[in-house]
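*Asks:* The chain contents come next:
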Amino acid sequence: MPYIPHTPEDTARMLAAIGLDSIDELFDEIPPALRAEGFAGVPAGIDEAAAARLMQSRAAQDGRSLCFVGAGAYDHYIPAAVWDLAARGEFYSAYTPYQAEASQGTLQLIYEYQSMMCALTGMEVSNASLYDGATAFAEACLMAVRANRRAGRRRILVSRALSPVYRRVAETIVAGQDIELVELPLRDGRLDPDALPADAAGQYAALALQQPSYLGTLEDVDRLSDWAAAQGLLLIAVCNPLSLAVLKPPGEWGEAGADIACGEGQPLGIPLSSGGPYFGYIVSRERLVRQMPGRIVGRTVDVDGRPGFTLTLQAREQHIRRSKATSNICTNQGLMVTAATIYMSLLGAEGLQRTAAACHANTARLAARLAALDGVRIAFEPFFHEVVLQLDRPAAAVLAGLAERGIAAGVDLGDSYPELGPAILSCATEQRSDADIEVYAAALAEVLDSSEVA
Amino acid sequence: MPYIPHTPEDTARMLAAIGLDSIDELFDEIPPALRAEGFAGVPAGIDEAAAARLMQSRAAQDGRSLCFVGAGAYDHYIPAAVWDLAARGEFYSAYTPYQAEASQGTLQLIYEYQSMMCALTGMEVSNASLYDGATAFAEACLMAVRANRRAGRRRILVSRALSPVYRRVAETIVAGQDIELVELPLRDGRLDPDALPADAAGQYAALALQQPSYLGTLEDVDRLSDWAAAQGLLLIAVCNPLSLAVLKPPGEWGEAGADIACGEGQPLGIPLSSGGPYFGYIVSRERLVRQMPGRIVGRTVDVDGRPGFTLTLQAREQHIRRSKATSNICTNQGLMVTAATIYMSLLGAEGLQRTAAACHANTARLAARLAALDGVRIAFEPFFHEVVLQLDRPAAAVLAGLAERGIAAGVDLGDSYPELGPAILSCATEQRSDADIEVYAAALAEVLDSSEVA
Amino acid sequence: MSPEMPLREDLIFEQSAAGRGSPALAPASGEAPGLPPGLLRSVPAALPEVSELQVVRHYTRLSQLNYSIDTHFYPLGSCTMKYNPKVCNRLAMLPGFLGRHPLAPEADGQGVMACLYELQAMLAAVTGMQAFSLTPMAGAQGEFAGVAMIMAYHRSRGDHERREIIVPDAAHGTNPATATMCGCSVREIPTDADGDIDLPALRAAVGPQTAGIMLTNPSTLGVFERRIREVADIVHEAGGLLYYDGANLNAILGRALPGAMGFDVIHVNLHKTFSTPHGGGGPGSGAVGVGRRLEPFLPLPIVGRENGRYRWLGEAERPQSIGRLSAFMGNTGILLRAYVYMRLLGAEGMRRVADYATLNANYLMHRLREAGFRLAYPARRASHEFIVTLKDLHRETGVTAMDVAKALLDRGFHAPTTYFPLLVPECLLIEPTETESPETLDAFAEALAEIRELARSDPEQLRRAPLSTPVRRLDDVRAARQLDLAWRPAD
Amino acid sequence: MSPEMPLREDLIFEQSAAGRGSPALAPASGEAPGLPPGLLRSVPAALPEVSELQVVRHYTRLSQLNYSIDTHFYPLGSCTMKYNPKVCNRLAMLPGFLGRHPLAPEADGQGVMACLYELQAMLAAVTGMQAFSLTPMAGAQGEFAGVAMIMAYHRSRGDHERREIIVPDAAHGTNPATATMCGCSVREIPTDADGDIDLPALRAAVGPQTAGIMLTNPSTLGVFERRIREVADIVHEAGGLLYYDGANLNAILGRALPGAMGFDVIHVNLHKTFSTPHGGGGPGSGAVGVGRRLEPFLPLPIVGRENGRYRWLGEAERPQSIGRLSAFMGNTGILLRAYVYMRLLGAEGMRRVADYATLNANYLMHRLREAGFRLAYPARRASHEFIVTLKDLHRETGVTAMDVAKALLDRGFHAPTTYFPLLVPECLLIEPTETESPETLDAFAEALAEIRELARSDPEQLRRAPLSTPVRRLDDVRAARQLDLAWRPAD
Ligand SMILES: Cc1ncc(COP(=O)(O)O)c(C=O)c1O
Ligand SMILES: Cc1ncc(COP(=O)(O)O)c(C=O)c1O
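Residue numbers (the working numbering), protein chains in the order written: chain A, 1 to 454; chain B, 1 to 454; chain C, 1 to 491; chain D, 1 to 491.
Since the hints were made in silico from the structure, they are not lab data. Be aware that a few hints might be false.
Stretch by stretch, here's where chain C covers chain A in the computed footprint (C-beta under 8 Å, at least three residues) [unchecked claim]:
| # | stretch |
| --- | --- |
| 1 | 147–156 |
| 2 | 175–185 |
| 3 | 200–207 |
Counterexamples of contact, computed for chain B against chain A with all Cβ distances above 10 Å [to be verified]:
| # | residue |
| --- | --- |
| 4 | Glu48 |
| 5 | Ala201 |
| 6 | Arg287 |
All C-beta atoms, glycine included, are put in the ideal place defined by N, C-alpha and C.
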């Protein structure tokens, strides 16, 4: 039987020991009316070779286009060692490290991860991961509101340049708790400083920014950070962790730095994988650690005085604090953190910096090359590694034309940013060669020339 | 520097410790005339991502055809667990287990491998592998001659149905030692019993047979084994180990059984991999163990009386016996043995039996389907999982036509067996579906109908 | 390893040397001209600078410090630590799936979408629900989706006063925590001596404030809630809905359908019942299924099918949805693993899961009862797990469930879940799963029996356990008081 | 692990239960009608019947009993245990390469053949030879090919009396064993006190019977043969040819070309210098290179190129070849790994290999000299390896090289090569390789220094080593006398 080791003799011996005649009797506490036998709608089992053939034929249909999409997930090269190590059975098939003595591998790794995230962001404490960047942002909002509990502030100012899908997810998650996200408008693709509410103090729990923004632009983080501090608002920074190898870390924004930073960990060695699993990171100032959601690992000593690692501050968590926990999160994205930790160890600060810089340079090259075409202009500069391209005709049709030519050219901004007119968001990571950029440009020229699009 | 951990400070510190000014000085014992600087003809290094792109583009050109080739290497399904485990760094990056206490993993695994090969072949001792099936056959010939040393017999009778390439390789290897392979002719694709020399006794060291033969046919192994025993010849059996899940093991042939069995281990979980690495197995009767080439693992006890494993009978080997060793082999095919041991554990006797039986059944279906075409006939029956198809026109042109249609249809037997006329050897493993067989049949019909081939 | 050679591994930071690193792993140039200098980082992040060999050796060694399914029996109750077939991992990581950007054109993702579409249908079939959304990324997020849907349903009917969620006292912590996250208040109800819900208490608890109830069945007490239909009737009659926490689905797969018990919404932990790996803490997947009433509220996106093509259904098609729970569509790679697992087992194989999970649990329970252990619910059948209480042993010897757990580590077994559910004192919640052989169960039972003997003869020895692990018992108090949560470079 | 829990794992056979097994892994039916009953197996082979989980757990645990590069420093002299980059493995196992049958049409293998063609050229460049054949499957088979070519060359000139191969007394065992396999007799010549070949002895040895000489340079004594050109002249003038055993190529890569030293034929251990993994004993590759004289005799097949297409060259194109050494073309997958490695390093990276392998060896030699160890060739530079002799220590304390080796295991290091080369008493042949950090070398030197102290203060303790390994010292005599080479089912 697939993955069940029992021989008929085993089964008989075990039933006899229990004193039963059949396996059916094991279920005699289920009321007869509720007993089911098998499933309609589930096919018969197949052998491993057949499953391999099936999945190979499915996978062969996917992922063939040349990728210039970013918008929160990025096509970076992942060194072979990352997943060779992360996929080792001892990491892969372990549970959450509740028994610390039997889980020092996972625990030390998480401690190293926390250390790396603190180093990258310039903050003091990190948890062991959240589900993804969007839920990390939602948790950051909840954390900010909890930190303002006594002040009773349940509204958060959010830049319109912060990922629209992050904002939507956060709204889904915080809605039940009557927390409101208040959008701040943009000018030139960045938060409009003139639109900052003069009376923010006392009204809002936090200001949330994304750097680089969803639109690839760079916010004036020092100034915005100082403004938030002056108004008594916490500052929530949403950052692509890879970009922090080049950009100023949120811990150093303005005079005081951000209070909470969070974002999507996928750029750190996680495959695109059609959307997940990725992982959310969240870091904060030490004074906020008791509001932190999720697991945290601490270093301590054992009875012999030797250093060791263990889950700590568990009184924040659902299995102890139940309805008063900082979050309901239990299972997180551990294996992804394993991969990210290995990735960061392999690349180091310099490797990350070079990767990030190459993404920036490639996107700059892409933008310049495309903007040379009639009907294409760069909307905002400077940008980090994503660029908004405004078009002189409907973006959806252009993207469709490019898709037919094997190019995943970017995201249509029409739904989220209608004010930009027809516009797409494109990205060229370090994986895109000059030849790839040329393919994109030639295809775009062809699409724009053709009668396919009005 | 790729894979070299030294920082400039490390290098300086180390040189200073040694008392040198530069790395160049480390090489001052090399006569100046011999010193070289760099290499012409070697390109500059590339980063890992570039290497991945290069190799992906190379691999994308390969292995796309539908495989009906056998002839010594077979397209079997390999369960995912096999290589997940075999590729673990602790197996993958260890050396030959000279330090037994630090290599119990590899040593116990080899002991298990030896046990499995003995079980499969019905013999008593196995070594830890040879390079491949062909060299294993060569070593078996040398072993037989050594076992006959006192009798001075240096000639071996070999069936013409034994793989032509094995015979060629063996000739290359035994040639220097003035050993001669004497070919025995065939009748109906099998060794012709009437052609067995009446005066073999005292003239030859051994008789060598392949079962199933290179041509897929089945020899009358009991009778041939008894004949060899009666003549005082050793019997060398070359067997596909997978077939032994179904066929009578060489240890049980005739009254006495074979003396040495050997062959290609690739069917036991080793990928086709464009030709290698595979591994050769060799097993024998216990009385011949001191003539066995290569490494052997034995079970013993440690100083505390606990069981443990170690390399044994090393006095046969080159590192001890030097010019008098049983073979020059040192590095063997350890990792392949690791995979094969895991493969056999996963499938068990029943899984191997079912796989072998499915190969037979598929090849029978293939043969019947193809023989229904005009101009195609099955040369010999019964066959195991390879079949000789005789054609009414040149085989090379037919194979080329099939290749153009994406089918690797088999091997042209013209060079090795001109007496068969235009003929090919085809194989359908358990991996070939009925639909695959239909594709082959339809393409063959098309090729035979077309004007491509005379 | 020997006492001189503790199985200890320096932090990767402690192995760092400035200027080391693996340049083959990144592009050659690090120029990023055109970025405003004021926005740049001034000092490189203090990440380790180590060679690839150092990285490989370090994380290989760290991995060896773990207990895991692949190395140890891991009978962690409520966690379903069964074998994760290697092939599921392999096939979910095929290049076409792995390299695809989630926002690439749909035409470029028909393969993965076909798998997800079929997975939605198979999950509906095995739970008896109407429709599924795969987007929740773990059980707790599935719970969130479920309670949010319950709330959205009441709201859609103008029923704004229903803001209370009932949970049994034995419930997993995520249940009450989830209710809070959804803005609900939580009411706990007691369990009776046999582990069933106290029906009078439930009747007393329901009312116009009742949004719903969250249950697992079998419950976290390891027993099947026999009067589940009555529970459903009481809650439904009061206007509330029933949430099924599917963490224990392994116990009844193919034997009973939550949909038939009267549940309105369910989450399924694919990382439990459908054998996707736990990864040392995740990722998982908490796919949610609903009956017809709640279907409009399912979280997005969902895979739809039209004219033989698959496509994502979003806000346009499902305007009443509670919304999105992730930036893309959840843990796709985990979903693919579960899909392969379900296809491998098929209907017949899946039915056997509950059969043998239950057989193993009842057999092990029997062995432990024979060995003198006290069961929390001795009159009941075990489901796929069961509870031993060490209350008596503790009273007699001072040995705690924690001591026993640590002593098991010394004997090559991972410990069961301890101190959960909270209402059973000194408890061990033991879940062997169907993938373990009877030999392993026997060895585990013998180890526990031996430990029990030792508790009587030499309790001090147990209090010192574990002795054979890379570290011995850790100072948790110090960990929480003298926070050391990140390595920092010495100034 | 603790004394109660020896790191011991039952044989997989001992975990077997009749009727268990992994049916998902094989086709459903086992019918093979049409095979003559008399030729069939009557009793199934006694293979283990175990579940997939049992297999995974067993071999995962077994793997953990090994020392390996990925877990330990492994300074095994003559073996070049350097880091094997993971990416080489990954890229050599791409599906197009892995799934291709070796006899599939050439059009279906242009990718792999392009790699092999370029590898032939790169190996020729780094050795200074004319042409390469990649088919030998390990160093020893490369040696066989080399000596067979030498013999074929002499034969082709009618020179049938040249049947003697000269080897230095320090030669690796494969050298004389190979000569015998090729039907040659072996003459050993001595080494002088500085580790160089005794030239007068060589002059006396050569003659009309001389087929050739087999040398490594640097030699297995860890020193560079300084008078190699004179050696070459002596042998060539006597009508013999020179064989270069490339096992030590790591020492001179980019610093000196064997071709320039006067060698006629060379084998290269790709599993040493070019970092393909050793796999617990193999597979390797012993590609052979030749000067122009021997090119016609290269073993087959070889990759050729015509009009931009690659094709196999065989007997038709190379009628004088010594023939074939494998059924197909050798260890292709290993060749691909070496190819990727060479491309990653490039000319510059490869030059650094010898630089840092040599630096590490000389640094470690220096540290050990400082710690009081006696070097076998104290007046010489180390090449990529060097020899410590414990002759004095042994005399003083009774402690042997074996004892020291085992004590190193207890300290988390694999032992160096011991008792080879045979002419240096109580020797340790130490090869750190370029991929190890100075910190590791320092730690190793300190461990050895500590062991040396212990040899004086408490030699008994060293004779008991190792203590921390899964087993302690094994009874080799019993292993050879009471042969137990295979598990057999109890009758
Ligand atoms: C009964 C029960 N409910 C819910 C959960 C939460 O699931 P997850 O950890 O996937 O969020 C768990 C997990 O341990 C559980 O056991
Ligand atoms: C000097 C020397 N020559 C030859 C060989 C043989 O190489 P292989 O083991 O690849 O056959 C070795 C291997 O250890 C060696 O060290």
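*Asks:* Decide, hint by hint, whether the structure agrees.
*Replies:* Now for the hints, and whether the structure bears them out:
1. Counting residues of the stretch 147–156 of chain A whose CB lies closer than 8 Å to any CB of chain C gives 0, so the stated coverage by that chain is violated, three being the minimum.
2. Look at the stretch 175–185 of chain A against chain C: 4 of its residues bring a Cβ nearer than 8 Å to a Cβ of that chain, three or more, so the hint holds.
3. Remark: the stretch 200–207 of chain A is not confirmed as covered by chain C, as 0 of its residues place a Cβ nearer than 8 Å to a Cβ of that chain, below the required three.
4. Listed as a non-interface residue, Glu48(B) fails to keep its Cβ farther than 10 Å from every Cβ of chain A; the least gap is roughly 6 Å.
5. At the 10 Å boundary, the C-beta of Ala201(B) stays outside the reach of chain A, the nearest C-beta of that chain being 49 Å off.
6. Interface exclusion of Arg287(B) from chain A stands, the closest Cβ pair being 38 Å apart, more than 10 Å.
Checked against the numbered hints above, the structure violates hints 1, 3, 4; every other hint is satisfied.
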